[in-house]
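Q: Residue numbers (numbering that gives the first Met the number 0), protein chains in the order written: chain A, 0 to 339; chain B, 0 to 339; chain C, 0 to 326; chain D, 0 to 326.
No lab work stands behind these hints: they were computed from the structure. Just so you know, even glycine gets a beta-carbon here, dropped at the ideal spot from N, CA and C. Be aware that a few hints might be false.
Claimed, not checked - One-sided and incomplete, this derived list gives chain B residues near chain D with beta-carbon spacing under 7 Å:
hint, residue
1, Gln19
2, Val25
3, Gly39
4, Gly42
5, Gly46
6, Ala67
7, Val74
8, Tyr109
9, Ala115
10, Met181
11, Glu188
12, Ala331
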Amino acid sequence: MTRVLSYLQAVGEALRQEMQHDPSVVVFGEDNIGGTGCDGRLGNAWGPTQGLHEHFPDRVFDTPITEAAFVGAAVGAAATGLRPVADLLFVDFAGVCFDQILNQAAKLRYMTAGKARVPLVLRAMYGAGMRRGAQHSQVLYPIFAHVPGLKVVLPATPADAKGLMAAAIRDDDPVIFFEHKMLYFSHGEVPEPPYVVPLGQARIARPGRDCTIVALGRMVAEAEKAADVLAAEGIECEVVDPRTISPLDIETIYDSVRRTGHLVVADEATPRCGVAGDIAALVAEHAFHALRGPVRTVTAPHAPVPFTPALEDAYTPGADQIVTAVRATIPAFAGQERAS
Amino acid sequence: MTRVLSYLQAVGEALRQEMQHDPSVVVFGEDNIGGTGCDGRLGNAWGPTQGLHEHFPDRVFDTPITEAAFVGAAVGAAATGLRPVADLLFVDFAGVCFDQILNQAAKLRYMTAGKARVPLVLRAMYGAGMRRGAQHSQVLYPIFAHVPGLKVVLPATPADAKGLMAAAIRDDDPVIFFEHKMLYFSHGEVPEPPYVVPLGQARIARPGRDCTIVALGRMVAEAEKAADVLAAEGIECEVVDPRTISPLDIETIYDSVRRTGHLVVADEATPRCGVAGDIAALVAEHAFHALRGPVRTVTAPHAPVPFTPALEDAYTPGADQIVTAVRATIPAFAGQERAS
Amino acid sequence: MPDHPRPDRAELIDIYRTMRTIREFEERVHTEFPGGEIPGAVHLYAGQEAVATGVCTVLTGDDYIASTHRGHGHAIAKGCDVTAMMLEIYGRAGGLCGGKGGSMHIADFGRGMLGANGVAAGGVPLSCGSALSAKVRGTDQVSVAFVGDGGANQGAFAESLVLAAVWQLPIVFVVEDNGYAQATGTRFHLGGKDIAPRAEALGIPAAVVDGYDVLAVREAAAGAVQRARSGGGPTLLDCKAHRFFGHMEGWDQQAYRAEGEVDRLRAEQDCLQLFAIRALEDEWLTTAEIAEIDAAVRALIDHAVEEAKSAKDPDISELLTDVYVTY
Amino acid sequence: MPDHPRPDRAELIDIYRTMRTIREFEERVHTEFPGGEIPGAVHLYAGQEAVATGVCTVLTGDDYIASTHRGHGHAIAKGCDVTAMMLEIYGRAGGLCGGKGGSMHIADFGRGMLGANGVAAGGVPLSCGSALSAKVRGTDQVSVAFVGDGGANQGAFAESLVLAAVWQLPIVFVVEDNGYAQATGTRFHLGGKDIAPRAEALGIPAAVVDGYDVLAVREAAAGAVQRARSGGGPTLLDCKAHRFFGHMEGWDQQAYRAEGEVDRLRAEQDCLQLFAIRALEDEWLTTAEIAEIDAAVRALIDHAVEEAKSAKDPDISELLTDVYVTY
Ligand SMILES: Cc1ncc(C[n+]2csc(CCOP(=O)(O)OP(=O)(O)O)c2C)c(N)n1
Ligand SMILES: Cc1ncc(C[n+]2csc(CCOP(=O)(O)OP(=O)(O)O)c2C)c(N)n1
Ligand SMILES: [Mg+2]
Ligand SMILES: [Mg+2]
């Protein structure tokens, strides 16, 4: 009785089920219905909100292109009894409403010593691969993970997309929910009844004893591919998918590294002040004595995302680089690498 | 013939000398003149632009509170022949104009394959200590260092403030220039003639053989204090001030760690995806075999900045925590710590 | 002073007491500030009391306001506890926000006060949100967004006007044009224009209001609140009233103000004095009643300052609480 | 069509050729897109040609424009090389931005084209900057900021109006109200209102312009550019012209448009047809001349597409260049 959904459908199902479950959940963003104010038909929404307004005509709204206002409205609505799910479309557009995220959503609770609760979800599509160029392909979650007061969620599979979205909506803190645009049409088993994947619990996507690969978002599948290649060479990799990067289940990572002695972190973001370095540094500080070789990070280069496919494909890290990084941290293989 | 200036005066002197030197340098921001449109006297500017308009009445402007517009105007002006120095006041206000920094200033050159040059400086006051609360005390440079296309400058002394500002203005790329509000009235020797401190060159603030302390911005002075304390115990610390964190002179750090075998990074920013972790991870990846103990990071906690002095003082990292961190990474002392 | 509907006696007393409380609070903070016990950035509201009072006295306890960096007046008018406010400004345990917020972040969600805000116009979008919340929950609560003339140039304010117009939110935008944004004059940064036409351009009804006349503000606010409450959508009030003090305590010498401007303001445009004269002339209140209120308010503020000065600092354990509900 | 000053013959030919080039370019990209060789997001300008053309033909080569995500028309009208544009859209070596920008980021600083922009209204502040630059450097260059009706709701646009008014910048804001922002109608997101009053509220002269009538646009633009060039400050033109295609190639089925709307547009509101009819009627141009231009343009676009299809990908070494001038 398995049921296969796309990642996009899984997010949509979570939205529908949570709206069913809790009348305080509202959903809005540009074209979340699609077609409001036109003479044609409603429903030209793109993505997981498609069709939602038919079920909940009073709780799904289109917005004008006013991210600062409507993300701020999500904060104000969250602080006064609703559970808004606001849609940024591309995470790159966080630029035009960053104050409302950084200085309002993230800080309202702390500044009022706990009087405010801000249970909002901000949906944000991220990542390279769709040939959208530098302003529509960024990853940016390191920026949000840096900000105290925000939670940052990063599902890698359809099943997690559904369960994490449900958890994000039920959570009492502001959550930035990252949806990788290249994962939308990936498929996987997704149980039909509502369920929650708790925030802050990593998933061991593949067990292994020789090297820990912590992989984020779209890199999880790449790490699994890399693990297949390496298994053929006799290196058994453990692939850890943190699923949420704030909170971060660092204990599961420490445990894994204590067993494997080696760490590679694979992250699609650019390298400086990113999550790859963040996790690598935590391990180098708190599990240093478990390390039997240098930590290795696999990231995009310190450059904007290029438009043309030839360059964009070279930009995005993938299984090959992960394989190379694993070999480079395991002394025997590092030797081979150097020799070859 | 030494001459002592405050950090604030040093920044102001660089602005004046660079405006003298290059007629394409313009300066603007809220109250950069101060008093425009009032019936009283002009000149109520606060900070390094005070009095500048008297020397350059046609090149210093007040702006309305329109950061998105005037930071974007700095980008457009930079791309068409000027060298604007725009003033954000508090770096926290980057929230309201982040798109213009992230998606315009940082990417214009890359997206046009080098046709554009964006020689602008964005002045940004940062840091805790002035009891300004959560929205006026952030550090945030990790966010800017994460973004390819931006340069991030962080002077720790009056002499560097002057030389780095001159370098930033003459540089052909967009530079975010961080001025610590609690350093404004610190004093130091500052040569009078114009000079440049090149971007991307770290300074060894204090040589030492036992442990490398990389310290950023206001933490440099704290690291020096810590080094004094530790010297009395026989631990000689080398204090490295990177001065710019993008570009980052990582080679000087590797060299130092190769000599000392130990690394502590002291950073006033919050810990997740910060510069402390960034540097720690680079060392754990590229100078791993030089490390004779775990890397240690000293940062603010993962929390917004509290208002009240009692909490704000506890929030900000300082010499004490640096001392503790150094002891904790040196095996002999780490043992003592654990025992005590 | 033109004629405006006269509130009943209890309301008149409430209006006067509110304005006097704000004034006394601010004058006292101004006096105490140089003593060095008040930390941080404090922006005083004295001179503008008629605006907060005229607006907030037509709101219910359930209605919402979002305020600015110059927020003491709004908080007091919305019913926040004055002693807890003073404790907050001093950064003490027992402060309205546990000492973690301070003057620029005073908030009291229980009283519909969604917070002062350190970011110009930063609170305005929040008001759109509380207005949306009321609309979706089907209550008749109204939201008020306060913003300064300088803050009204922010993109977030312009976008909020659009969103409120499009969603027909139950919201009132109250611009307080006090002539200055820090040291910059509105003659420069608004080109001497009113803000009202910016709302009208979006189809939002707007009015320019004499911000020294509490009854004028009250009447305009009553109409706007009534419109919002009955589903008529947003309104903007563009209230004119200069401040008595500088931009921020300890910051400016007000060299940018015309010579004698503040003296003239205090002599001729003091909302409290204007109201008192009228109340006495028209025999709404007696001299004795006014004196009684003044004395009671003074005692209240004395008490608040005493409490604040003798209160303890927050416990250091508070540093890491309230970052999240759960983490 | 109302009467507008008639440009001279060379200008008339230039106007027609420019509009035809844009149209042919866009129709051809539309035809090629399903073939799968054009990567990414492409937003076509067909239907709105009279706006870009009317505005840009009164500019000099030194004047600046900043464009939107729907930028091909602006680029062509400002004189960008059509073949290099096509190469860019295909992501090829030799593209106007080396293939690193693509349709949404076409720019040509040598021709004063400061770039298409992937962020709604993201380019508008840049225009304030190029206008400031001209002012400070003492040239008489004018800047034009294009923005869509949807983008005009962005805070960055509102703030730019304020800054331009306050600094009296030599700038013309050209709003292209094409009835839609993605699938959302202006009847919703602007409440059916014009954008012009938003500028007027700030003291910026503004006009609503028939965006199907290239001579009407040209006349309005000429006046605005003249004002800017002579130190008279900013102007806003609110041009109305719907697009022929969907929001983005391959994205929408245009279910949100009224039945027959696009057919009607093409039949009755085609700026090229309207211009040609007039030009023939008033004997400005002959049928033969028009046919000749059409043929030349078609050959140009054929050539551009051929070049684009046969060009090479950028070299992989380009990945890490142009991030900085020095690093
Ligand atoms: C986005 C932003 N930019 C700049 C500031 C710095 N700042 C604080 S108050 C102020 C002036 C605000 O003027 P106005 O809105 O008229 O309020 P007033 O102080 O006159 O009450 C400025 C520029 C800020 N707080 N937020
Ligand atoms: C800040 C921002 N928000 C959202 C988007 C996504 N988006 C791209 S085009 C568009 C519609 C723009 O409408 P309009 O400005 O009217 O231009 P048109 O497409 O009609 O030419 C939207 C919402 C964006 N690019 N930038
Ligand atoms: Mg003001
Ligand atoms: Mg449009």
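Q: Would you list, in rising numerical order, the hints stated earlier that this structure does not obey?
A: 1, 3, 4, 5, 10, 11 and 12
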